[in-house]
Amino acid sequence: MSRKTVATAAEALDGLLFDGMTIMAGGFGLCGIPENLIAALRAHGVRNLTVISNNCGVDGFGLGLLLENGQIRKMISSYVGENKLFEKLYLSGELELEFNPQGTLAERIRAGGAGIPAFYTKTGYGTLIAEGKETRSFNGEHYIMETALTADLSIVKAWKGDTAGNLVYRKTARNFNPMMATAGRACVVEVEHLVEPGQIDPDHIHTPSIYVDRIFQGAVFEKRIERVTTREPEQGAV
Amino acid sequence: MAWTRDEMAARAARELQDGFYVNLGIGIPTLVSNHIPPGMSVTLQSENGMLGMGPFPLADEVDADLINAGKQTITELPSSSYFSSSDSFAMVRGGHINLSILGAMQVAQNGDLANWMVPGKMVKGMGGAMDLVAGVKRVVVVMEHCEKSGAPKLLKACTLPLTGARVVDLVITDLAVFAVDKSAETLKLLELADGVTLDHLRDRTEARFVA
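If you read the protein sequences in the order shown, they are chains A and F.
Under our numbering, think of the first position of the first sequence as 1, with each following residue one higher.
Under our numbering, think of the first position of the second sequence as 1001, with each following residue one higher.
Since the hints were derived computationally from the structure, they do not count as laboratory data.
One or more of the hints may lead you astray.
[To be verified] Cross-link-like lysine-lysine pairs, in silico, DSS-like; alpha carbons within 27 Å at most: (1) F:Lys-1148 / A:Lys-74; (2) A:Lys-74 / A:Lys-223; (3) F:Lys-1137 / F:Lys-1156; (4) F:Lys-1188 / A:Lys-133; (5) F:Lys-1137 / F:Lys-1182; (6) A:Lys-223 / F:Lys-1124; (7) A:Lys-171 / A:Lys-223; (8) F:Lys-1124 / F:Lys-1148; (9) F:Lys-1124 / A:Lys-74; (10) F:Lys-1182 / F:Lys-1156; (11) A:Lys-133 / F:Lys-1148; (12) A:Lys-74 / A:Lys-133; (13) A:Lys-88 / A:Lys-171; (14) A:Lys-4 / F:Lys-1148; (15) A:Lys-171 / A:Lys-4; (16) A:Lys-171 / A:Lys-160; (17) F:Lys-1156 / F:Lys-1121; (18) A:Lys-84 / F:Lys-1148; (19) F:Lys-1156 / A:Lys-88; (20) A:Lys-88 / F:Lys-1121; (21) F:Lys-1124 / A:Lys-84; (22) F:Lys-1137 / F:Lys-1188; (23) A:Lys-171 / F:Lys-1124; (24) A:Lys-160 / A:Lys-88; (25) F:Lys-1188 / F:Lys-1148; (26) F:Lys-1121 / F:Lys-1148; (27) A:Lys-4 / A:Lys-133; (28) A:Lys-74 / A:Lys-88; (29) F:Lys-1121 / A:Lys-133; (30) F:Lys-1188 / F:Lys-1156; (31) A:Lys-223 / A:Lys-84; (32) A:Lys-4 / A:Lys-223; (33) F:Lys-1121 / A:Lys-84.
[What the hints assert, rightly or not] Taking beta-carbon pairs under 7 Å as the criterion, some of the chain A residues facing chain F (in silico): (34) Asp-59; (35) Phe-61; (36) Leu-85; (37) Glu-87; (38) Arg-170; (39) Lys-223; (40) Arg-227.
Yeah, the Cβ is synthetic: ideal placement off N, Cα and C, and Gly gets one too.
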């Protein structure tokens, strides 16, 4: 066992959790979410969380599990339309919500991990999103200033990782995971396949080990799909 | 006779050019991919982190790690690539995507677009829409000409909160096609659906337009 590898999600989170903390969680919809770590957060019961994640899971799965357990105080997201409980908690004032345009959210996190305190973007200029933000013109175009996002903890899902902490994501399950891995003061990763160093070609690594503090192979990957959409085989096709 | 949803998608597909990289929104814009002319190479971007979206999978090909921005299962093509959300929006913001086709609640005569929130109703969020309309070189809106109530959606000024200011280049509705002249703050009527008269269109359009 390397210094970074642990056996379980609970062990991976040991000593890192406190009420009122900010957590970044990777995933787009239910694709590429750290489902073992979310389950462990629920079992631990840490509360009053600010969660930075593109979405908030669905009723009964993903971050929806923390929502129904009353653990989330505030969400920073771009889209939360898949979750009925979310709507109920928000409208009753039990849940705070900050919407970010999806690209702005991604870049704020990237900036947070890269030591860039703020950046300018055209996105949202002239909309509600720009209210209270500094604006500036460059070459005749209008931009708003957005600030970086960091967190006390980032929870990340990768497809494969080695015990040194190098990560490879798979297909569109990559999404927000690589930036989040860089922007948490601690970064905990669950992988489907944990391998020894040398078993991943260094040229194929998406997230270098420097960003990863703890890594483990998840016990269960349900990998639920929100909208299974298929086509019929073509007539006459073999 | 107003155009059907499929006819609107077919009209939007005429905005495609060989070699284009295109982002299609949810709803009628998604249907545009059914109308890409044979022999034309168009690469579809999915803002959750993919270029080269393939068709929906066969039942035995479904992969939980491979979805589009509407969270539907999809497939990859030999030319596909995957990348992070920040890389995805770098190509959007950086002006590398040729065309964005998306739906709208309201469009104003100066190109303002509203399609993400109705005050007083639960807001689901803007997702990537604000980034797309701000960053993509050409923005085409495909929408019904009027609301179900009959209220016009092409307005002098949007009454709903904006997704982007002065961002729309072309509007395709079930009744007509308009180009947006942002500097003149006027729509220019390019095409009428078969059997739709100018008077019929004027009755249903609040925005200023020239025929």
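Going down the list of hints, with the structure as the test:
1. Proximity of Lys-1148 of chain F to Lys-74 of chain A is assessed by CA-CA distance (about 35 Å); at most 27 Å being required, the pair is judged violated.
2. For the hint linking Lys-74 of chain A to Lys-223 of chain A, the alpha-carbon distance of about 25 Å falls within 27 Å, and the restraint holds.
3. The hinted pair formed by Lys-1137 of chain F and Lys-1156 of chain F meets the criterion: a straight-line CA distance of about 24 Å does not exceed 27 Å.
4. In summary, the hint linking Lys-1188 of chain F to Lys-133 of chain A is not supported, as the alpha carbons are separated by about 35 Å, beyond the 27 Å threshold.
5. Proximity of Lys-1137 of chain F to Lys-1182 of chain F is assessed by CA-CA distance (about 14 Å); at most 27 Å being required, the pair is judged to hold.
6. Pair hint Lys-223 of chain A plus Lys-1124 of chain F holds up; C-alpha atoms about 23 Å apart against a cutoff of 27 Å.
7. Among the hinted pairs, Lys-171 of chain A with Lys-223 of chain A is consistent with the structure: their alpha-carbon atoms are about 13 Å apart, no more than 27 Å.
8. Restraint check for Lys-1124 of chain F and Lys-1148 of chain F: satisfied, since their Cα atoms lie roughly 21 Å apart, inside the 27 Å limit.
9. Between Lys-1124 of chain F and Lys-74 of chain A, the direct Cα distance comes to roughly 15 Å. Compliance with the 27 Å bound is thereby established for this hinted pair.
10. For a cut-off of 27 Å, the pair hint linking Lys-1182 of chain F to Lys-1156 of chain F stands: about 12 Å separates their Cα positions.
11. Under the criterion of a C-alpha separation no larger than 27 Å, the hint pairing Lys-133 of chain A with Lys-1148 of chain F is inconsistent with the structure, at around 36 Å.
12. For the suggested pair Lys-74 of chain A and Lys-133 of chain A, the alpha carbons sit about 21 Å apart, so the restraint of at most 27 Å is met.
13. The hinted pair formed by Lys-88 of chain A and Lys-171 of chain A fails the criterion: a straight-line CA distance of about 33 Å is larger than 27 Å.
14. Distance restraint check for Lys-4 of chain A and Lys-1148 of chain F: the Cα-Cα separation of roughly 58 Å exceeds the 27 Å cut-off, and the hinted pair is therefore not satisfied.
15. For the proposed pair Lys-171 of chain A and Lys-4 of chain A, the alpha carbon gap of about 25 Å is at most 27 Å, so the pair holds.
16. Note on Lys-171 of chain A and Lys-160 of chain A: the hinted pairing holds, with a Cα-Cα distance of about 12 Å set against a maximum of 27 Å.
17. For the hint linking Lys-1156 of chain F to Lys-1121 of chain F, the alpha-carbon distance of about 23 Å falls within 27 Å, and the restraint holds.
18. In summary, the hint linking Lys-84 of chain A to Lys-1148 of chain F is supported, as the alpha carbons are separated by about 25 Å, within the 27 Å threshold.
19. In summary, the hint linking Lys-1156 of chain F to Lys-88 of chain A is not supported, as the alpha carbons are separated by about 35 Å, beyond the 27 Å threshold.
20. For the given pair, Lys-88 of chain A sits about 12 Å from Lys-1121 of chain F by alpha-carbon distance, which is consistent with the 27 Å threshold.
21. Taking the CA atoms of Lys-1124 of chain F and Lys-84 of chain A, the gap is near 11 Å; set against the 27 Å cutoff, the hint holds.
22. Taking the CA atoms of Lys-1137 of chain F and Lys-1188 of chain F, the gap is about 19 Å. The hint holds against a cut of 27 Å.
23. A distance of roughly 26 Å separates the Cα atoms of Lys-171 of chain A and Lys-1124 of chain F; the hinted pair therefore holds under the 27 Å criterion.
24. Annotation: proposed proximity of Lys-160 of chain A to Lys-88 of chain A is violated, straight-line Cα distance about 37 Å (limit 27 Å).
25. Annotation: proposed proximity of Lys-1188 of chain F to Lys-1148 of chain F holds, straight-line Cα distance about 24 Å (limit 27 Å).
26. Under the criterion of a C-alpha separation no larger than 27 Å, the hint pairing Lys-1121 of chain F with Lys-1148 of chain F is consistent with the structure, at around 17 Å.
27. Our distance criterion of 27 Å between C-alpha atoms is broken by Lys-4 of chain A and Lys-133 of chain A, whose separation comes to about 40 Å.
28. Taking the CA atoms of Lys-74 of chain A and Lys-88 of chain A, the gap is near 14 Å; set against the 27 Å cutoff, the hint holds.
29. About 25 Å separates the Cα atoms of Lys-1121 of chain F and Lys-133 of chain A, which keeps this hinted pair within 27 Å; it holds.
30. For the given pair, Lys-1188 of chain F sits about 14 Å from Lys-1156 of chain F by alpha-carbon distance, which is consistent with the 27 Å threshold.
31. For a cut-off of 27 Å, the pair hint linking Lys-223 of chain A to Lys-84 of chain A stands: about 20 Å separates their Cα positions.
32. For a cut-off of 27 Å, the pair hint linking Lys-4 of chain A to Lys-223 of chain A stands: about 25 Å separates their Cα positions.
33. Restraint check for Lys-1121 of chain F and Lys-84 of chain A: the C-alpha separation of about 14 Å stays at or below 27 Å, so the hint holds.
34. About 15 Å separates the beta-carbon of Asp-59 of chain A from the nearest beta-carbon of chain F, more than 7 Å, and the hint is not met.
35. For Phe-61 of chain A, the suggested interface contact is broken, since its CB lies about 12 Å from the closest CB of chain F, more than 7 Å.
36. Interface hint at Leu-85 of chain A: violated, since its Cβ lies 12 Å from the closest Cβ of chain F, which is beyond the 7 Å cut-off.
37. At about 5 Å, the closest approach between the beta carbon of Glu-87 of chain A and any beta carbon in chain F falls short of 7 Å, and the interface hint on this residue holds.
38. Taking 7 Å as the C-beta cut-off, the interface hint given for Arg-170 of chain A holds, the closest approach to chain F being about 5 Å.
39. Taking 7 Å as the C-beta cut-off, the interface hint given for Lys-223 of chain A holds, the closest approach to chain F being about 4 Å.
40. With 7 Å as the threshold, the beta carbon of Arg-227 of chain A comes within range of chain F, its nearest partner Cβ sitting at about 5 Å, so the hint holds.
Of the numbered hints given earlier, the model fails hints 1, 4, 11, 13, 14, 19, 24, 27, 34, 35, 36; all others are met.
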